[in-house]
Every structure is written in C-alpha cells, then in structure tokens.
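**Q** What follows is the residue order along each chain.
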Amino acid sequence: MTEQLIFEHSRPGRQAAAQAPASAPTIDDLPATAMRRTALGLPEVSELDVVRHYTRLSQQNFSIDTHFYPLGSCTMKHNPRACNTLASLPGFLGRHPLAPARHGQGMMACFYELQEMLKTVTGMAGVSLTPMAGAQGEFTGVAMIKAYHEARGDYERDEILVPEAAHGTNPATAVMCGCKVVEIPADGDGDVDVAALREKVGPKTAGIMLTNPSTLGVFEQDILEISKMIHEAGGLLYYDGANLNAILGKARPGDMGFDVIHMNLHKTFSTPHGGGGPGSGAVGVGKRLLDFMPIPVVGRDGEGEGTTYRWLDERDVPHTIGRLSAFMGNAGVLLRAYIYARLLGREGMTRVAEFATLNSNYLMTRLKAAGFDVAYPERKASHEFIVTLKRQKQELGVGAGDFAKRLLDYGYHAPTVYFPLLVPECLLIEPTETESRETIDGFVDAMIAIWDEARVDATTLTEAPFNLPVRRLDEVAAAKNLDLKFEAETGDARSVA
Amino acid sequence: MTEQLIFEHSRPGRQAAAQAPASAPTIDDLPATAMRRTALGLPEVSELDVVRHYTRLSQQNFSIDTHFYPLGSCTMKHNPRACNTLASLPGFLGRHPLAPARHGQGMMACFYELQEMLKTVTGMAGVSLTPMAGAQGEFTGVAMIKAYHEARGDYERDEILVPEAAHGTNPATAVMCGCKVVEIPADGDGDVDVAALREKVGPKTAGIMLTNPSTLGVFEQDILEISKMIHEAGGLLYYDGANLNAILGKARPGDMGFDVIHMNLHKTFSTPHGGGGPGSGAVGVGKRLLDFMPIPVVGRDGEGEGTTYRWLDERDVPHTIGRLSAFMGNAGVLLRAYIYARLLGREGMTRVAEFATLNSNYLMTRLKAAGFDVAYPERKASHEFIVTLKRQKQELGVGAGDFAKRLLDYGYHAPTVYFPLLVPECLLIEPTETESRETIDGFVDAMIAIWDEARVDATTLTEAPFNLPVRRLDEVAAAKNLDLKFEAETGDARSVA
Amino acid sequence: MPFIPHTDHDIQQMLAATGADSIDALFSEIDPSLRDVDISAVPERASEQAVTRLMHDRASQDAPGLCFIGAGAYEHHIPAAVWEITTRGEFYSAYTPYQPEASQGTLQVVYEYQSMMAGLTGMDVANASLYDGASALAEAVLMAVRANRKSKSARILMPASVHPFYREVAYNICKNQQITFEAIGYDETTGLIDREALSAWADEDITALVIPQPNFFGAIEDVDALTDWAQNNGALAIGVVNPLSLALLKAPGQWGHGEGADIVVGEGQPLGAPMAGGGPYFGILCCRKKHVRQMPGRVVGKTTDMEGREGYVLTLQPREQHIRRSKATSNICTNQGLLVTAATIHMSLMGNTGLHNVAATCAATTRDLVARLTAIAGVEKVFDSAYFHECALRLPVAAENVLAQLAERDIFGGLDLSRFYAGTENVILVCATETKTDGDLAAFAEALADVLADETEAA
Amino acid sequence: MPFIPHTDHDIQQMLAATGADSIDALFSEIDPSLRDVDISAVPERASEQAVTRLMHDRASQDAPGLCFIGAGAYEHHIPAAVWEITTRGEFYSAYTPYQPEASQGTLQVVYEYQSMMAGLTGMDVANASLYDGASALAEAVLMAVRANRKSKSARILMPASVHPFYREVAYNICKNQQITFEAIGYDETTGLIDREALSAWADEDITALVIPQPNFFGAIEDVDALTDWAQNNGALAIGVVNPLSLALLKAPGQWGHGEGADIVVGEGQPLGAPMAGGGPYFGILCCRKKHVRQMPGRVVGKTTDMEGREGYVLTLQPREQHIRRSKATSNICTNQGLLVTAATIHMSLMGNTGLHNVAATCAATTRDLVARLTAIAGVEKVFDSAYFHECALRLPVAAENVLAQLAERDIFGGLDLSRFYAGTENVILVCATETKTDGDLAAFAEALADVLADETEAA
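Chains as they are written, first to last, in the UniProt record's numbering: chain A, 4 to 500; chain B, 4 to 500; chain C, 1 to 459; chain D, 1 to 459.
Looking at chain A on its own, in the form it has when it is part of the complex (with noise of 0.2 Å):
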C-alpha cells in the first residue's frame, strides 16, 4: 500500500518530453562563476510515472471529499466544486498581477463586492482581503493595533491580553509585533475570567485577542462587558476569527465592540485547505482602524454601467501598516470565497451559523447520552465542543489520542486532539453544517464502538490504527533522527543534467 518516492522512479534520461522545451538553446553570455555546475536533484520520469505517483499518493490521504473530517477549531466544511472549477476560468489564472487595472476589472469588481459582503457580515468599517492565513490576518490585526496607538502616541500600550485558552498562534502573533503577552484564565463555565482579566487591564493595555465562541466551545457570555472594560482602559479588542463559523449571520463581532477581526477564508467561506494551505486570512476593521489598514484594497468609482475599480495606496489609507504580499495576498482563494459567499446568499450565511451550531448540539447530546464526559456540561456547545476522555484514561488507559487513531480505521478522522490544553484528554469536535445527521450519528455509533473496544482489549485503541496504509509513526524517532530529504543513495537521481 505504500508508495515508492519518486526519486526511487527516477532514471536518468527519463524524460515528460512534451512538457518542455526539447532543447536548451545556449546561453553564453553569463559569467563563468555564476553558472551552475552540479545537478539540480530532480526526479527523471515519465509523465506517466508522474501521474500514477500522485494519484496513488492522493488516495493515501483522508479528506473532506472522501471521510468525515470533524477537526474541531478548523471548520472542514464541504468545499464547493464550482468555486474551483469557476476561479480556474483562463481569464482570471492568466492575469499578471502587475497588468494595468482596467484589464483586471473582473477579479476586482469580486474582490470589491468580496469586500463589501465581510464588512456586512462582521458589522465592521471596512475590510483588507490581503492577509494570506489567519496567522497573518492576526499579526495585521494587532499590527494595526500597535500602529494606532502609535499614532496617537501612546507609547507605553504594549501588553497584548491573551486567554490562556487561545490558540498558539495568538501569542506568537503579538510578540511578532513587539507586545508583551499578558494571559487571562478561563473561569468554571470556560468564558472568560472577569475578574482576572479586570486586574490585567491598564494604561499598558494595547487591547485584547479575544476567540469567541473561545476554543472552549463556548459563547464568551460577558463579551459586552469585557468590550466595555476594554474600551474604558484605552484599549482595543482584537477577535480571532478562527470560530466565525459558529455565528455567521447570528451576531456580528462589530456588534460586540471589536476593532478589528479576521476571518479565515478557508473555514468559515468552505475555500480549501489544501493539505495545509493555502489559506486566507482577511481582515475587517472598525472606524478607528479604517486608515490603518494593509493594502492592496479595491476602491469603487462611479456606479452602473460606468463603475470601475482601482487598487487603493498609500493616499487612500494613509496610516497604512503597508504591503504584507509581494502582490494582491491569495488571491485565487479570494475569488474561490466570493463565490461561495455568492452561492451562499445572505440567507445561506445565517444558516451556516444555525446548522453548525445545531450539528454540534445534537452530536454533543448524543455523546453526553453514551456516557462520555463534556468538558462544559451546563453549556449550549457553539459550532463545536470538547470531550474528555480524562476518565477512560484513568480506567481503561486509552487517551485522546487513541481514540483518535482507532477512530481513523473506522473511516473518521479523528477530532483535534489535546488542544485546549486546558482540558486533559480532550477532543475538540466540530461537524459543520454541511454534514448530515446520518453521519454524525456513524460517528456517535463509532465512539461507543471504540469505548467498548477499549473495556475488551486496550491494545485494539493503543496500537490503532490498523486499516491505514501506515500503523502508527514514531514522531519522536523522527524529531531525534531528522530526515528531511531524500538522498539518492548512488549517483543517478542526482546526476548532472
């Protein structure tokens, strides 16, 4: 079942001859010293190896189109085909980005209406689409924070608050700005600490990060008052919109006070993942911020038949935290957004929000009715919710992770797993509203399929999987012992072309 690298196919002189040049024409004019003289370690083959290879390899993969993909925190929703098909159109690949606007009035009149439909959803002033992953759109959210501060000269504002329930990348984010990160616990419900948080606030305070529903699954019930207490100290509030899912549609992050927010594109707008990426990480802002954000933005001038769109520079925004792309950020990943928010339609936004929330309450209290352990019993679950799996450990010795490898052989992949740390053995699981009751229930039926594995024979769930193309891998081998590439063991692969 596993496949051979394609190196290991490689023979010299193997050729995909028709997707070349046939010959390199000489070029004689560069100095001697700057010419390459060893092999540039590419594979040779056919483009018949080439297909069969990464078709093979593709088929090793679980994904949304072939498994239910309950990942909690990343929202792995369907991914419509036409957004593929229709942001592949020749018109929009061929574009060079750096070709006069007034030939690009297409990708621009849907980054502008992209644009636009953002603002409406996250009640902000504006919006940048150029940040290229959430971990971007964050840093241009508290980059911006930090520049309107600065602009105003207050120095002194360098404390990011942070929930120690965040993602990771919330506070890398704010020490890639330059700010101190001051974390916040979480209270016995999972929101927010009130008190604590009260006592972290100041004439320091640069503003807050803040993911709500939080990774705990939960709405932050004291948003306006955390908001208010924010505002009042000089700060500004920063939402994470990693959740945005869980409310799209249902309640507006400008509504709640936020400044700024970004939206990953490739969860709550269903653009792909990618094994990894691309994603898209844009970014709205409120009016205080509106002159601080990144470009490129899309301007609109006139209306009608005579409307034309331009890129909007340093004249237009003039507190500008710049250009974080050498170009217009992910842009095909925009376009694939914009056409699913048009699919989707105002209606089909507020529905994503209800039937997220609707699948992850329903698959909570079919859990909770097998017996599993929620982590905030007393809550409503948002889009998803934890469970714990603290007291099969205990008895049975089969953790998180080893439901979460067992679960793979029964064809799902597993929930994401030991994150938030705060909770011990826990999955974060979220369905999205794409999935059917059907399917979360053969989930429900797995889990108690695995739980009662586990009662029988532990080893079924700690050695699993089984079924895959691989059993389990040595991470820990792997950090140790680093291979990170292949090296041809004679010298074909490698042989100068």
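Mimicking DSS-like on lysine-lysine, the simulated pairs with C-alpha atoms at most 30 Å apart in a straight line are:
#1 K290/C <-> K175/C
#2 K207/A <-> K152/D
#3 K207/A <-> K183/A
#4 K231/A <-> K207/A
#5 K327/D <-> K207/A
#6 K327/D <-> K203/A
#7 K175/D <-> K183/A
#8 K152/D <-> K183/A
#9 K290/D <-> K483/A
#10 K183/B <-> K327/C
#11 K150/D <-> K289/D
#12 K150/D <-> K483/A
#13 K175/D <-> K290/A
#14 K393/B <-> K327/C
#15 K175/C <-> K150/C
#16 K327/D <-> K183/A
#17 K152/C <-> K327/C
#18 K289/C <-> K483/B
#19 K327/C <-> K175/C
#20 K207/B <-> K175/C
#21 K175/D <-> K207/A
#22 K207/B <-> K152/C
#23 K290/B <-> K175/C
Calculated from the model, a selection of chain D residues having no Cβ within reach of chain C, i.e. all distances over 10 Å:
#24 Q12
#25 L15
#26 A16
#27 D24
#28 D31
#29 V37
#30 E196
#31 R309
#32 A371
#33 A377
#34 D410
None of these hints come from the bench; they were simulated from the model. Yeah, the Cβ is synthetic: ideal placement off N, Cα and C, and Gly gets one too.
Got chain A sorted already, so can you dock chains B, C and D onto it with the hints?
**A** Frame of chain A; chains B, C and D shown alone:
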C-alpha cells in the same frame, strides 16, 4: 471498504440546492393525461453526499492512472491529461452541433487536420471520423463494402470471410450488414490458413475482415498474397484497427491492399477508455470507397488565411452510406485524438509502434525465460502476445482466470483472459509503449511469484483476490437472479417529488 | 520522447534480452516492401505548450453565442462537480470492467445509472447505455424485430415527427437486415402524428410503432392512444423521449392502458453532457423485463462475493459478441461509460426536485420566449398543440437569411426547419432552456424584430 | 438549502434530541442585544448556474493579452497534469496532516518537495513552504536574527536591487521587533549592488546581508563575493532567488568560498503556479542544517511505523505556536500546501532536463526580445551587466503613456520602473519567458515602434 448505493444515502427533501433552479414554475397548458404521476426515482442527497460517494467509488477502480493495465487488444496506454484539459475549453463545450459552421471553425479545423493525419498514417484516400466506437467503425466498413458491390449491381456478394481468431464483433458486424459469415482457420504459426482461405474465396465473396497483427499477437505474414487473392476474386479487404498501435508509422494498411479500415482512436490515439467508453471508430477508405463514406466529413475550401471548413454532404459523397449518429459522432473524443496526434507528431507516431513492440517482445522474452509457455514461441511478438497456462492448469489446477485474479492482489490489472478462444487458458498481454521497463519487470516478478504460490497452495490463486474491496464475485448467480436496479424497501427513495 | 519512458540504457538492455539487434529487427516478419513508410505529411511534434496555445486559439473561434437551438442537443447548466469527479483518473482511464473485483467503482456507478434510468422512464430495466439517441433508436428497432415473435413483417412505422437524423440513422443501420420503415406523416395543424395515416396500417402486420415524446417539434403526442394502438395491433411501442421531459411528462412505463411502452430510447445529453459540438453523448435504452434478453449492450447486475458481500458484475454476457459472435444481439460492445458516470453524478445532484425544477423552468422559459417572439408582427406559432420546451414559429420571411443575420449578432436563433421538411421555408424551431435569463429573451426578441424590420424594408 | 443536508424531519428530530425548541434557542447564551442582525446588504443567493455565468463574464474582462511583465510573477507553461491532479479532492480538501497515518499522501508530497527544493538550491534543508516570496524574506530576516547569535545589532543590509515589494513586506513584518534595515543602493551602470556603499558597513555589526539573484532588474549579482563579504563580516548571507533561474545559475549552497548561503528564500510561483492575479503562490525557505531549529514553518520528516514501514510525519513541532506559544519561532502555521503539491508535480514533470530547457529558453527569448526592441531608434539597455530573463530598457519618452498605449493593443509591455525608482521615468523592465513565440516578439517590437513613432510625432 464497500460503499452504499447513492439511493441508500437518500432522504426525502434533501437536496443539492445550489445546482438547480430553486423552484418550478407552474406549467398549466399541458394535457392532464400527459403529465407525470409517479415519482422520478432519483436519490435525494446533498452535494457533499454526491462528491464523497463518487470520489470513494472512483477509488475502487483499477485504472491506467493508478495501475499497470496490460489488457491485451485494448491498448491501455497513458492518456495525456492535456488532451482532456484542452478538449474541455469552454469554446468547445459550449458549441451547439447545429450552430452555423462559420461559428465552429476551430473545432472543424481540428477535425479536418485529424482526417488528413489519419489518411497519411494509414495510407488511405479518405477518412470519416463519425463512427462512435470500434464496432460502429466495423459496421461502417462492411456497410460500405456492401454498398460498393450493390452500386456495381453485384448483388450476389453476401459472404464475409472472418478468421476464427477475430474479435467477436467481426462476425456480429457482418450479420448486421446482412452478410453471411464464413470462418477461416489459422495455421500453426497463427497466420491465416491461406490454403483454407483459397477454398472459401469466390464469386460470393463480398470481402474479408482482418485484424493485423491478428488477435493471436502476430503479424499476418501472407498479407500481400491474401490481398491479391481477395481482390482477384472481386472482394474487398477490411482492416480491423484494433491492433493498429502495433504498426503505426511502421506499415500502412493501405499499402497492404486494404480498401477500408477502422481505427480505435481510444486505443491507438489514447483517448480515454472511460470505464467502457466513449470510443471512436474513425474509418479510412481507399479510392474505391471514397464516395461511400458516412457523413458528416469535414471539407476545406481555400488556403492559408482564407481557409474555411465546411461539412461535406450527399452532394460531396454521392453514394454515402449516410449518417450513423445524430450529429458528429463523439466529437470531444476526436478533439482528444487530435491533440494527442499533434503532441506525438510524425516521429512520435512511429515510436508508438516501435516501443509497443519492444515492450511486448521484452515481456514475452522474460516470461519465456521464467518458464511460461507462449502460444507462438517461434514468432516475434507484435505489440501483444499470448501466454498459455494449459500446463499450469493440468499440473496445479490453476488457470488463466486464477492467475488473473491473483495479479489483482499484486496491484496489476489482469491481461485479457480466455481470448482468443483458439488458445486454451490464455492470457493476451499488451504492455503498450508508455510503460517503463521497471514496470514490466515488476509484472514478470509477480507472475513468477504467483506461479510459486500455486505450487505451494493452489487456493492462493483459486480464491483470489484477497486484497480488494470484494472477493471473487459470483457471475453465475448474477445472470441467474437478475438484479439490475435498486428497489427501495420503503417508499422513501421513490416518493413523489 | 513524449509519453515513452525508455532511456537509451533501457533500449539497449531490452533489445539484448530479446536478442534483436535493433527495434527495426522486431518488425522483420513484415514484408520489406511494406516497411518503407513515408508519413512526412504528418506535422512534426508540437510541445504541450504550443498545442495549448493552438487549442485556446481554436476554442476562441467557436465562441458559443446565445443559443436558442435545440433539435436534439440542449444547453443546460451542468454542476461543476459533475465533470471534476467524472474526469478523475480512476474513472477516466479505466476500461470496461472485465475484472469486476478491480472495477467496483465503474460497476456500481452503472448499476446506479440503470436504477435511475429505470426510475425516470418507469421501465423495468435499463442497459449501461448505447452510443447516442439516434443509434439507440436503431438498436431498439433491431431489438423489436427480435422481441416481437408474433410479427413476421419486420415492418416499423416511423412518424415524420421523429427527429429526422434519428430516422436517417435508424434506416442506415437497419437497412441491410430486411427491415422496412413506413413513414407516417404529421398533422399540419397540430404537428402531431397523423392519426389517419396511422389508421391505414391497422390491419397490417406491424412489428413496432415508434412514438416520440416530445416529438421533434417539441409537441406533446397522445402517447396513451398511440401505445394502445400499437399494442392492440400486435406491434411493440418504442418510445423516443427526452429524459429531462420525463420530470414533467408521464413515464413511458405508464403509457397506455396496458403495461406501458415496450422499449424506450432517448438521448442522454440533457443529463450532464455538454453540447460539445455534437458528442460524446449517450443513448438511453430501457425495456420491460420480458424483453431483457433481447436487449443490446452491456448490463450490470448485483451479486455477492465469496464472503457474502454485495458487489457488481457485467451480466447477461451470453448475448454479447465475444461469446455469441455472429449470433449476438448486436455488434456493440463499448458503452458511453464516462458519460454515464457524468449523468449519474448529474442526476444525483439534481435529485427529484432539482430535475423537476429544471424541466419546468425550461418549459416556462420557452413559453416566455414564444410570447415575446409572437408579439412581433408576422411571427406566429405554427402548431396549436401543447409543447415541452421547443416550439415551431413561422416568420414573415424566409428563415435562412434571418438566422444568418442573427448569428452575426452572436444569437443562434433556432433551427431552419426547411432543412428537413418541405414547405417550411419560413419556419424556425426555437428552444429556451433554464440557462436563459429575461435579458437573453429580450435580446433575442429585440434582435429578431430588428432583423425582420430590415428584411421587410428591403422587400 | 445550499450545502446543508438537513431535511425538516432531521431538524425536528435533532432539536428534540437537544431539548431545544428551535435553532434560535441554541444561541440563547448570546446577549439578546447582539442577536438582531441585519445583513440584508448581502445579496440573495444565486444559483450555481447564475454564478457560473457571472464568473465567465468577469473572467472575460480579465483577458490576459500578450504579457511581457515579470517583476516577480512569471508566465510559464504549466502542464495540464499539474492542476488536474493537484485539485483531486484528496489533496484539495484535506487539512494539515495532524493525523499522519491518515495523511501520508500530503506528507510524502511535502517530503518530496523538500527534497527537490534542497536539491535545486543546494541547501541542506527546506521547509514545507511559507506564504509567498516576500513574506518568506521577512521570515528569513527574523530567522537570521535568531540564528546569528554573534550579532547583537539586528541590523539587516537590504539592497535596493531586491524586489521593492519584498523590501516593503520585510520591513512591515519585522519593524516591531527592533530590527533595522539599512538600504544599499545600486550601481547605475550595472544595476548591481553598490559595492562601495556596502564596504562602508564592513566594520559594523551586521546580522545579515540580503543577496538577490537574479536581482529585481534581472541582473546577475556577484553572489560569491557578496556571500564571502557577508560571512567575513560576521553576517549571514540570505539569498533571494528565482528558483527557475537555478537551473542555470549557481546553487546558493555553493555561493562563495565557504559553505554557501545561510538561508535562501524565493517565490515559488515559476514552478507550477499560474499568475492568477497575484496568488496563491508559495514562499520557498531553505537553510543550512545548523540553522534548522530556527527555521519557521512546517517541516516533514521520514520515520517508521510500529511494523518498521517507512512513513512521514510533521516534525520539529516544538518550534511551533501550539506548543511554544509566545516563544514560537514564528506565528505561521499554515503553509501553501496545495501550491507545494502543484510545484512537486510540476518539478517531477520537468525533471532536470526540462527545467534546464525552460530556464535557458526564457533567457534566450528575452535576449531575442531585447535585440528586437533595442533595434528601435532610441531604445537601449539601461545596464551593462549580464541578466537572466528580465532586462531594463530606456525609451526615448516616458514609459507610462507608452505602456498604456501598448495595453490598448492587448500587449502588456513591461513594468514602468519609475513606480519604484527615482529618475527612471523612461525605463521599462521587460521579460519574455518560454511562452513567447517569434511572432509574439515581433508583434511587441512592431507595436512599440508604432507607438514610439506616434509619440515622437506628437512631441
């Protein structure tokens, strides 16, 4: 590993709602008796259900893109992806077949040039692309032969000579054209028994249908003599192009004396086999049959900048056997063949036969060296050859079918089994030119290993396959208890829409 | 060498193994006089890059325009998922599932397809598809001759309201088998089968009557009466349907007062195949269970494996050529597998509601178009019968020039009916599917009014 | 409901299970004042059909024209197989391989990518990609600050011949971390780094020198001398390369007389990503082994499973945010996985020979273009240095208007350099890749001659 039927995923009221109009306008001017009163019987599922179901189903197939597929007489060579991508450009897909020819010059230019290239490589005087599969190409050929004799008032010629090793479609086609089939035996070398042929040729001979190289995997050595004999008797020669891959650019049916030929573009010109189709059975004709070609054919007017293309009709092809499909046959398949032909060019076409033959002879040599019996050990292989497992059947109780099933476990699609009928326990093996020596060596190793397994325990073969989604399937039961469609147990899946 | 993986090293080693001095030596059994081949008229190879550019250029010459032609090929929205999945290598590059254990994907798809087709037509069984609608009709005729054992005449009644190309194809394919086709005209008022002409055959030995629904003019035939007439006269009833229309119209399995049509064929293109210049499409063929062993083409059946698991195989193979040879039911062995895959995915995405909505929207859009066009002075409906989504309109002037002028404006304004029917020089057959917006209809109406005004002025 | 499978029946049953009266009740923990949301400014939903038509219309507004702009994004032929395979659902809709046993496809692809990138750059290791070339440079700067423990200054020498947008991005991302960027000008004769300006920093504490190859003007820097200069001065050498150029140019791992560059970044777009209006592309980052634990981003390593079979996992995770939180090497967690997949397939199809042929053809085609354009009166090369596949040309008049007029003829005739560099109003930066034919070059030359003639006349 097996997958439910799409109907089993169905739930009344579920829908892929982005895909169709949201509602049905009332149509009240149709007669009540004409209206549908019963359910449509389609599944009611979501887009994700559909994507996941069919993606998973696809993974249950062997295919060229995933496996070596040496299915004799089927030419399972690599299908370059560019052929699909480029034939699927919106301009081509959006063209209505009855739209004016001047708004379809792009496609028609491709067809015209394909006709010309096929004429050149087969040595024929004219080509019609319209037949939609090999069998329709055969029909076309014999129908033209029939029409030719009738146009000359030669009504008595109703016998078609068919070697006994021919594909079953040959005699079936002859009968469809109102002819009688006269079978001709093979001699000990796999060639047509010329003496036997001479006895059957006569004033009733309409023609002969030959596959060359024949289905026995050898080139017909007496082809010139046969050709002379048939022509002298007033008959015509039909070339079954199933094995054209073996001689492309190396020898031409026109030079051998054939009057008509069909080409399986899905074999020699690498258009996709698609799980059983669409094929394409373009026909080429000698001068005698030019006026009998099926329409539509593309003609050219003018040269250079002023070139235009038009559909030839009855005025251009006065004795045409007429139209065989509603429009232009499998037009999209023709585009793929055209693209492939351009990518190969003239040198590439000759290499097709050369390397298909090299691979075949190499594989035959290696299997002979491993002790396997080949059907015609004294002959050179063409692009394919026959192994007979009669000895293994006698000695170990494992036949061609058992080797075939066990090969699947090794990750190789089986060769053609039990065809041609002349050779007992036969495997007809065609590696094609696009497979590498390493792949062929791997197949040989598997054959040797399987034979070894048979010596240890025949059930390893007779009960194979073991590693696929299903074990050996009961074909007898399938034919006896016909189950040709899903029948809902409850009314759910068939409820009225 | 494009698509050939052999290195010089491979070639030398492989030749050495075979004992041949050269690749040419492997062709030594071919007479030397045949081996001096000149194919220099074939162009030199072009890189994928060059061919890509060429094909983009060619495709841009075939810009579709606003298309109101139907006549057997219809523009419908095809969900993106359909062809993204259909062209996955595992479907695209597999062959006929001769080894069922290694082909469950293809086989299950076909079984699902057969189930959907049986459902849609209301018939007992469907085959795995034939080449296209026209050739499916030819096969249905051949099948009827085999299946109707009581009839000795091999006489087929073929109405003029059947697609002219289908009639041609059926004739061309069947003519060598002593089958006779008797033409039945159409009623000039209704566009329907001329019932009087039909009645003239009541006392004859008839093998089958072909019944189009909707017919070539888009008109709704009285299928109940026609089916009853055929079966009462000892003939089989062969339906020729647009499968999409069956989301609105009575299933052929319910036609008449007996057990429905005997055989049903149709062009599958409206179910997920792009117009694509004419193909590949696929032919639908369904029948009643009692005729199943006379059915041509592949069929997939459900069975079980050695461990009792369900699985799928090609079945009823004894009818086929590789076993029956000259006694086979047909010479057809390929089906249109890839198109069947697309259609199965397409129908799954549509579901009952979606397909119904498409069909009703097509009907409504065409009605809207007809209303707009007949509002133009001198434009009128030719027939007074009900129609599905195509309609014949009479213009005040000859159609040919009008259509040419519309095409100049990138509007393909319908089919010039005089290509097929005498005395219809002024008649166009128009179709507006669910793809046409209000704006499209308005653009057509405006252009037609313009062109007719010019024509009238010129006259 | 698009993309939501729930039937009314499901909703009732699921609500009943949860004990909620309505879906709205599930949101009861949100303050009522927040729950009255008006998003009516978002358009109503459009069907896939309507959106398909809209997007075809929009795409046709972005017709590419004949493009001679480079400047960090390049038109190359991408084999059809690349994206047909990359967009297979199993690659497209999978996520970061947190469960390696269920993600061997993605993991092995990344391992192969890392191997190819290490080979191409001659560096010890590559990460699994970053967002794009510009942000990769920013990350390389941050990494250099961590890795160069001997330097306390966090001072980066940034030549003006580095892509202006890359310089902006690096500054914007690093500016809050007490990192200073010192500009180094370019030599107006050669377009190369001003070595005198550089020498002025010889006695200072420098953390890293950024070395572009080829530089923004397409010119070939003396990378050996620059690398040696940096390392001799205690600075790390950060290469910024066009990966395609490495098929011709010395691998960064061989730069200088020591162990080569320390860190190499670049824009991966030329390796299989379409220009696509600016993204998604992917950032390459490679380094020497000794710096590997300072490397940002994901990395895949090879390991074995419980049965000794080889397999692949994400490794070096202790550097990452979900474990290190505020002490992580970077806040980056996604890579550009899908682009990496495409690039890996692209490089496999190219192989050593193919990539070399592409690079050499680009170089030759640009030389041909330069020869044709400089044959026009008043057009001349700005710099006298060697170049890869981009070249700065001085026109006799201001570039802006000339480029606008060329664009009217669907020719994008290069980049107006004055957008970035003072005193270059007449200068365009042109690029001709392997996609340009003789005819294309001739068309550009003819159009430019025409436009210049008109301009001169007008003047």
